[in-house]
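Protein chains in written order, with the working numbering: chain A, 632 to 1033; chain B, 632 to 1033; chain C, 632 to 1033.
The hints are simulated quantities; they were obtained by calculation from the structure and are not laboratory data. Heads up, some of the hints might be wrong.
As the list makes no split between identical chains, a pair holds if one copy fits it or if it spans any two.
Quick list of in silico lysine-lysine cross-link-like pairs, DSBU-like style, CA-CA up to 35 Å [as the list claims (entries may be wrong)]:
no., residue 1, residue 2
1, Lys839, Lys827
2, Lys801, Lys827
3, Lys886, Lys1000
4, Lys1000, Lys690
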Amino acid sequence: MLYSHGFALEQLGVGVPPEQRNPREIFWTLAANWHLFLGTPSQQWMEYTLVNVFGVTRKLSAENANGIYDAIDDALKHPDFRPRALFERFNLDVLATTDGALDDLAHHNIVRKSDWAGKILPTFRPDAVLNPSRPDFAQSVKQLGEICDLDTENFDQYLEALRIRRQFFKSRGATATDHDVPDLTTDLLSDLEARKLFSRAMQDDLTKSEATRLYGHMLVQMAHMSVEDGLVMQLHVGCERSTNQTVLTAFGPDKGADIPKRVNWVSGLSGMLNSVGNNSELKIIVFTLDESSYARELAPMAGHWPALRLGPPWWFHDSLNGIERYFDQVVESAGYFNLAGFNDDTRAFMSIPARHDLWRRAVALHLEKQVSADVMDVADANVVARWLAHDAAQDAYNLRGD
Amino acid sequence: MLYSHGFALEQLGVGVPPEQRNPREIFWTLAANWHLFLGTPSQQWMEYTLVNVFGVTRKLSAENANGIYDAIDDALKHPDFRPRALFERFNLDVLATTDGALDDLAHHNIVRKSDWAGKILPTFRPDAVLNPSRPDFAQSVKQLGEICDLDTENFDQYLEALRIRRQFFKSRGATATDHDVPDLTTDLLSDLEARKLFSRAMQDDLTKSEATRLYGHMLVQMAHMSVEDGLVMQLHVGCERSTNQTVLTAFGPDKGADIPKRVNWVSGLSGMLNSVGNNSELKIIVFTLDESSYARELAPMAGHWPALRLGPPWWFHDSLNGIERYFDQVVESAGYFNLAGFNDDTRAFMSIPARHDLWRRAVALHLEKQVSADVMDVADANVVARWLAHDAAQDAYNLRGD
Amino acid sequence: MLYSHGFALEQLGVGVPPEQRNPREIFWTLAANWHLFLGTPSQQWMEYTLVNVFGVTRKLSAENANGIYDAIDDALKHPDFRPRALFERFNLDVLATTDGALDDLAHHNIVRKSDWAGKILPTFRPDAVLNPSRPDFAQSVKQLGEICDLDTENFDQYLEALRIRRQFFKSRGATATDHDVPDLTTDLLSDLEARKLFSRAMQDDLTKSEATRLYGHMLVQMAHMSVEDGLVMQLHVGCERSTNQTVLTAFGPDKGADIPKRVNWVSGLSGMLNSVGNNSELKIIVFTLDESSYARELAPMAGHWPALRLGPPWWFHDSLNGIERYFDQVVESAGYFNLAGFNDDTRAFMSIPARHDLWRRAVALHLEKQVSADVMDVADANVVARWLAHDAAQDAYNLRGD
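For reference, chain A alone in the conformation it holds in the complex (with noise of 0.2 Å):
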């Protein structure tokens, strides 16, 4: 946001090594700009953190940034915001990393070796040795291969690895798979087919829509381990990448220009759901950025295969009006019990109360034009923000009675 408005990346301290970043600086500048952020999830969540977990009151403004800076560092400084501590305050049931398929999951170990009963989990995210569009894609098979201790570069091994690593995932505690789908195709190829594309994607040679065609296949691959595993699916599809290439040249990565596209969910899940959806033991939840897909392809998809549950609305969408704009347009075809309820998706750990409070705002709001409406009564109404709030994410991932 403030890039939008002609602040300089290296101002905000992106693309600067840390130590030669001034972040009071940095916070004053955002401080003083704090108008620019009015009616954005951001504000929101940030004025929420400020005061519910900080206890600062006042408003954030260029008079106040300093002394809000103070406020905020003293409180770091103290037990009482330590992880553990927050963990505990924010009263989490569960809190789940997302990690590639390399990692030693190192850090899970330690919290899990420790006496601390605090419930971390790890989600296998395999893009990186899934989708052959990615430029470390062969580097990571290989890598893969060598974890593992097989010859990756054989189809029927690499298959055998990802089994291995989805395995070594579970018995660290993970209960989900995660993908990040940018083009949606999941026909399944014919095994001399996909034989083929994979050798050729170890050379680093196929066309964009080879490796989209091969990924897709190892997507429905994927399904299939989830059926024998049981670990539950979540896909997020349709973001296009890095679409500033100044940006990206310069600072690499996941520093703004992603963009959401167009969607066609009924083509393109239907490789996968024929293949494994009407199994109603799998759970695969599918997260959209192209709203127009909700009323028109993705609720009345839900309302039927056994397998498909919609994740709440994901990313930009996350705020008062897309969480409205979702219930106002899946439920009428997908029921509530067809969906996901709210993961936060936070990478901001001292936000997670302030995602939590937004939806459940939004559900209360939900719930209260229903009410009006004469949808539901108040007792169903209680029921259904149980379900949203608590329940349904517990269910959906699997989590339930453990």
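With the hints as your guide, set chains B and C onto chain A.
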């Protein structure tokens, strides 16, 4: 909905011979899982019907299932629940059925020859003899020839047979035709190309895209015939049928997994509208499942073309929120008098009052919003309410003043 | 709207020489069918104008038509209703016209040389000399050469002539350019290809797709010139013009049947934004008719690119509901300060107050919703109200502090 939660279709009596079904058990399964329908129009229709048609005020649940089943069963045996009695109790002006082009309308004849005054009309639905993508196309066209005593393998006689059947339906009271259009294109072909494609269609020798083009051409022929005979033309566009191949194979078509898809109305209707759209005597009523086209395409088109009216929200969108989105997005460009009002499109006779009640509630909510925002005064709102609830449909389907 | 209900365009004076028109009768036709406009912004603009500009409080109807016609006619003869008097009464800061690149701005000169202080600015609209799909392209480019005394069949001199005309407009007060873009692509061509396509364009020898590519290239040239001369660049994208061939043939362009179409903003603007989008001195204001791109594409893009601002809802969407959908879908990702505020885009001078009043009402309704949902407090809402109603447009069009 039950299938999406893991109930087998057989458990619901689908694919089971009637004599082997246990309706009480099926009803119990529905009742015991009634919460899955919370927030859906199915729930609202069912509950309205229980209360207002059957006088059952208990909430549907596992505990109440048997008692409610008995209450319904008792009611259905009572003369007050015979179709004609209900027709009168429901205070219906007109009920129109949908009938294939080859149908002899024998049931309609019985009603017409009876001393009962209820108005039951057929509707001409020639998909099977018009859309070469249908597996029964060639066979149906031959049957059409037999019925009309014409050689329908000859294109001119085929067209003549269609005219004869339309006339037959009209003589039995029909005022409209209805067309399922999976992929919309209505470009007029040259006479030569149309004849060639038709010949090959009769040999089942068309590609999918050729079949779509020929169907588009035939839809324009239907529009021309509507100009001649005054039948209102209805187009239901943009549904991908039977996307679950397992269910299709095991249970046949129309068992769910029909999912909406995007439609380009501007290019799709261009051929038809540029051929007959300036004729203000003709009425073409369009139904969409792609709400993104409401404000972008359909409303501006309806606000221009004399022949075009917008049908009410269809299928997945025939719901409280769906109707709100419809009014929100179409009225400002199309006004109220290019709308076709409401037809309930139901296959469940008992649900007719529920359907119209939901529409009228949604109309009332919309008009309340308009009056609150000072867009119209109460006097005008009353005029629009009467139009939308009753007169618009009468006008759209040429049923006025009969 | 009247045409859509079967009134011939001739009945409304379209295609009829002025001296043969009967304005009183045409006005009566409008008044007698005024109910057809219920719920449309046209109705709200007209009624506001009658009451607030003309002091006519009677409702428009067949009965009142003559009296209201007389009242308007009398008013228009009064000096208080001369354009400059109304300009002052309407309390306008600035009025910008849209003028072809070849226009001599003679009328602007008259105003500038007069002793009247009202600020009337031209806007540079070079579609005819920039878009090779236009039938008058080659002819217009030659005229451009004559005006600038350059050989515009030479690509470099053509570019130079465009620079000269921009400078001429700027010297007459222009702060912006405006571009109609039917199909959006802005990929930069190689210099060689651009020159080749331009040569062939001057021979009217381009395919539709080549013409679109060359136009896209030229739009990027315009953006480069905007970097040089500071003119704000406006893009109005995605309208299929004159879709009714009968009306086009009989009455010419701009007689209705212009229908919006889908736009891919991410790929469509990629070339331009990657060329100049990181320049925070430049302002590119975009207008869309495809609302499905608000939250999915445009808001995230405006929330990133320094050069990009979102224009207000355009044409069919410049309405109470259209504005509500706009705020609902853009603010959360773009904030308020990447929006360009409101320009009424009207061709009807009398309607200017009505247009701005409707915008301000819609802003007020939006802010009321924000305050109610506790997204902002009243103090912030007042800041945003002032910004959206006045300052944003002033800022977007470089009209501040003049």
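Please write out, lowest number first, the hints stated earlier that are contradicted by the structure.
none
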